[in-house]
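Note that the protein sequences, when read in sequence, are chains A and B.
Mapping the first sequence onto this note's numbering, position 148 (from 1) lands on 148, and the numbers just tick up by one.
Mapping the second sequence onto this note's numbering, position 92 (from 1) lands on 92, and the numbers just tick up by one.
Derived by calculation from the structure, the hints in this document are not laboratory data.
Hints are not guaranteed to be accurate.
Only pairs whose alpha carbons sit at most 25 angstroms apart, straight line, appear in this in silico DSS-like list of lysine-lysine [to be verified]: (1) A:K255 <-> A:K173; (2) B:K169 <-> B:K89; (3) B:K143 <-> A:K394; (4) A:K299 <-> A:K429; (5) B:K143 <-> A:K173; (6) B:K169 <-> A:K255; (7) A:K303 <-> A:K79; (8) A:K79 <-> A:K387; (9) B:K155 <-> B:K169; (10) A:K303 <-> A:K356; (11) B:K143 <-> A:K387; (12) B:K38 <-> B:K155; (13) A:K135 <-> A:K255; (14) A:K303 <-> A:K355; (15) B:K182 <-> A:K255; (16) A:K173 <-> B:K89; (17) A:K172 <-> B:K143; (18) A:K117 <-> A:K355; (19) B:K155 <-> A:K172; (20) B:K89 <-> B:K182; (21) A:K585 <-> A:K598.
Predicted, not measured: the structure shown is a model, and the values here were computed from it.
So the chains spell out like this:
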Amino acid sequence: MRLRALFAIGALPALGASSPTFNRDIAPIVFSHCATCHRPGEAAPFSLLTYADAQKRATQIAALTSSRFMPPWLPEPGKGDFANERRLSASQIRTIRQWAAQGAPEGNPADLPPQPKFVEGWQLGAPDMIVTLDKPYTLAASGSDVFRNFVFRPAVNATRYVRAVEVRPGNKKIVHHANVLIDRSGSSRLRDGQDGAPGFDGMDVKIETQTFDPDSHFLFWKPGTSYSEEPKDMAWRLDPGTDLVLNMHLQPSGKAESLQPSIGLYFTDQAPTRFPMLVQLEHDGALDIPAGRVDFVVKDWLKLPVDVDLLGIYPHAHYLGKDLQGLATLPDGSTRWLIHIPDWDINWQAVYRYKKPLFLPKGTVISMRYTYDNSAQNPRNPSHPPKRVGNGDKSTDEMAHLWLQVLPRSAPDQRMILQESVMRRRLEKYPSDFLAHYSLGALLQAQSMPGEAAEYYRRALLARPGSATVHNALGATLLSGGKAKEAMAEFQQALRLEPGYSNAHYNAARVFLAEERFGDAIEHLRAVIRIDPRDVPALSDLGAAMMATGQTDESIRYLHEAVRLRPDYFNARYNLGQVLAEIGKVDEAASEFRAALKLQPEDADSREALRKIGRE
Amino acid sequence: MRRAFSIAVLAWGIFASSAVLTTLDGRRVDPLANTGAKAVVLLFTRSDCPISNRYAPEVERLYEQFAARGFVFWLVYVDRTESENNIRKHVREFGYRFGALLDRKHELVSLAKPVVTPEAAVYARGQLVYRGRIDNRYVAFGKARQAATEHDLEKVLEEVAAGRTVQPKTTRAIGCFIEDLK
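All chains, please: the whole structure from these sequences, using the hints.
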């Protein structure tokens, strides 16, 4: 029976002299395309490392590779040339099908290639720092998928540069994918654990920062992820107080599961010199999908104001997303596919990195076109019967995002120019948008345009009255424009709205210091220190104000603390030198002034101070 | 009177095609023997099939609902070679509270003809009245609804429980092919 089949197939021209065997034809495919996940301890439900493993699932393997469910790879071939592509070729699939149909023969043992070697544990070696969730999270046995965010607080004393991040999900059977977000605002930790379990719910996390500090890296994990370091000059900054948020898609397995993820951080001493940026195309505001609609389209576009290299791309929609397209229209009118996912499946969402950076010249229009299916025919539709759907971070809401990691081509750092385009485009979509006005205010402030910046801040306040953040930023802008009195009114307003607002206390103190109202300044600086005893600029200023009011001992104590926390903070060194000189501790004073000069060799004041104490 | 007679005839039918299997705790049983159960529900499964596993809570729910109403449930493990220890661990981990049969020779597989795991077969009065999916949650391997909208197995059990005559029915289940274990 088997012989006859063999002859019949063997006669087909597409096939070589004999029918496929595991050892010769199937093992090479399985080892390179499946075993990364299908091996002990990994995410897949069973191993595919031996003939016995594959033989008892031959029909299954043939069916699932034919339907292209496995290996999972969503982008359409030929539309974006991506690294680590897992897609099988048509001829590989044909080989698997023939092998299964012919009874999955093992073949000649001599043909079997060696099993692939995998690194156990941390893929990039022992991390420099590991942060682990304090308490395990328990996922119920049944129910729909869970999207959970866990907050990690890496304890670093000083700024570190991160060259790689590795996620160990803790329980690979239930983790479908994970994203690491950098939260420099401290906003996520406020949400952490509010419902009694570690973390907080939500498919997407929105982090609003008060400074322009774009998170520029995709930090993504999915089963089978191959980790790589960021290029040497593209490490990212981890400051004291920065939180990492691990956004996880969890799938119940049928029994209650415990999960305790870890993140490994790999540091480098080399500060980044190239700064990629994540640019987001989106139009969540256009998401208002009537129940039953099969082809609801959402679009967005952005004209690039600078030359960039496109490094990676991350499309994101929820369960109704059907066809996701990203396109670039070059200045000469020609178009290039960035990505096309014709059958979107959130279960396999991923970051796709281009094999080679894709150059997009200034003037290129990048665009997205997403189609949504909110009909009952879409089995993934979370609502039955379908309901009208808007945007949001729940799995029953929708999203329309296309993230692009771009690296501006020329120095200096052009991210602000890019960010300004993004925000101006955002204003076109949402004319009274808070975020756009606030961001434009901050961008113009950074470009020393206080008048224009103040205007945007005022409009931001119209969109969100009572925002302490904006009152404080407006105050800072007014202050830099020389309007101290108006600035003080804004700081005080911010403090009325949020009495524990450290930045507003600090800014108010700066105004008082400039007016030599040391008592008032000290009051506000003490408030800053109460909130964060490690705030070095506040400690240094407090030391200076104490000195001015003759409280020498306290002054020295605060300045010593500032120097201990940050030996490279110029102001603290200089102030400490001054107060030590004043009480006659000339040697110690000289050593502080010299340290200050080491940090700022051109500083005339320090030189003058040294001269005064005769230690030039 | 005539009704009782027809039951007897049907019952005769199953005895002809019954199968004696070993349970996980070492007993020899014929799950289809006429023990007076309202119906016998066979749930074909294997420990390494993610879809089977994800159905464990739903299967438990059905067991809880129908065991008290005179239904007998059996898990039928179809992997010929898997060790009893492994299967025991699986039963414990997924919290199944009813008996498990080891269908090493695929006797029940030959009788009920399930294609994949998980798949259910329901024998009422000795007759196979349903074979197929538990519900319609899965549309294809890897393509699932958030929750099922058609509870096929539950519906059949309700009909049997209500004493209605059930037209034998089959549906297509999504899962791991049993063919591979032949």
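Now for the hints, and whether the structure bears them out:
1. A C-alpha spacing of about 11 angstroms is found between K255 (chain A) and K173 (chain A), which places the hinted pair at or below 25 angstroms, so the restraint holds.
2. Between K169 (chain B) and K89 (chain B) the CA atoms are separated by roughly 33 angstroms; this puts the pair beyond 25 angstroms, and the hint is violated.
3. The straight-line distance between the Cα atoms of K143 (chain B) and K394 (chain A) is roughly 20 angstroms, inside the 25 angstroms bound, and the hint therefore holds.
4. A threshold of 25 angstroms between alpha carbons decides the hint, and for K299 (chain A) with K429 (chain A) the separation of about 11 angstroms falls inside it, so the pair holds.
5. For a cut-off of 25 angstroms, the pair hint linking K143 (chain B) to K173 (chain A) stands: about 17 angstroms separates their Cα positions.
6. For a cut-off of 25 angstroms, the pair hint linking K169 (chain B) to K255 (chain A) is broken: about 30 angstroms separates their Cα positions.
7. Between K303 (chain A) and K79 (chain A) the CA atoms are separated by roughly 21 angstroms; this keeps the pair inside 25 angstroms, and the hint holds.
8. About 33 angstroms separates the Cα atoms of K79 (chain A) and K387 (chain A), which puts this hinted pair outside 25 angstroms; it is violated.
9. Distance hint between K155 (chain B) and K169 (chain B) is fulfilled; the C-alpha atoms sit about 12 angstroms from each other, no more than 25 angstroms.
10. Straight-line distance between C-alpha atoms of K303 (chain A) and K356 (chain A) comes to about 22 angstroms, which keeps the hinted pair within the 25 angstroms bound.
11. Restraint check for K143 (chain B) and K387 (chain A): the C-alpha separation of about 20 angstroms stays at or below 25 angstroms, so the hint holds.
12. The hinted pair formed by K38 (chain B) and K155 (chain B) meets the criterion: a straight-line CA distance of about 15 angstroms does not exceed 25 angstroms.
13. Between K135 (chain A) and K255 (chain A), the direct Cα distance comes to roughly 19 angstroms. Compliance with the 25 angstroms bound is thereby established for this hinted pair.
14. With a CA separation close to 24 angstroms, the supplied pair K303 (chain A) and K355 (chain A) stays within the 25 angstroms bound.
15. A hinted pair counts as satisfied when its Cα atoms are at most 25 angstroms apart, and K182 (chain B) with K255 (chain A) does not qualify at roughly 28 angstroms.
16. A C-alpha spacing of about 17 angstroms is found between K173 (chain A) and K89 (chain B), which places the hinted pair at or below 25 angstroms, so the restraint holds.
17. A threshold of 25 angstroms between alpha carbons decides the hint, and for K172 (chain A) with K143 (chain B) the separation of about 20 angstroms falls inside it, so the pair holds.
18. Of the pairs offered as hints, the one joining K117 (chain A) and K355 (chain A) holds, with about 24 angstroms between alpha carbons and a cut-off of 25 angstroms not exceeded.
19. For a cut-off of 25 angstroms, the pair hint linking K155 (chain B) to K172 (chain A) is broken: about 35 angstroms separates their Cα positions.
20. Restraint check for K89 (chain B) and K182 (chain B): satisfied, since their Cα atoms lie roughly 23 angstroms apart, inside the 25 angstroms limit.
21. A distance of roughly 20 angstroms separates the Cα atoms of K585 (chain A) and K598 (chain A); the hinted pair therefore holds under the 25 angstroms criterion.
The structure shown violates the earlier hints numbered 2, 6, 8, 15 and 19.
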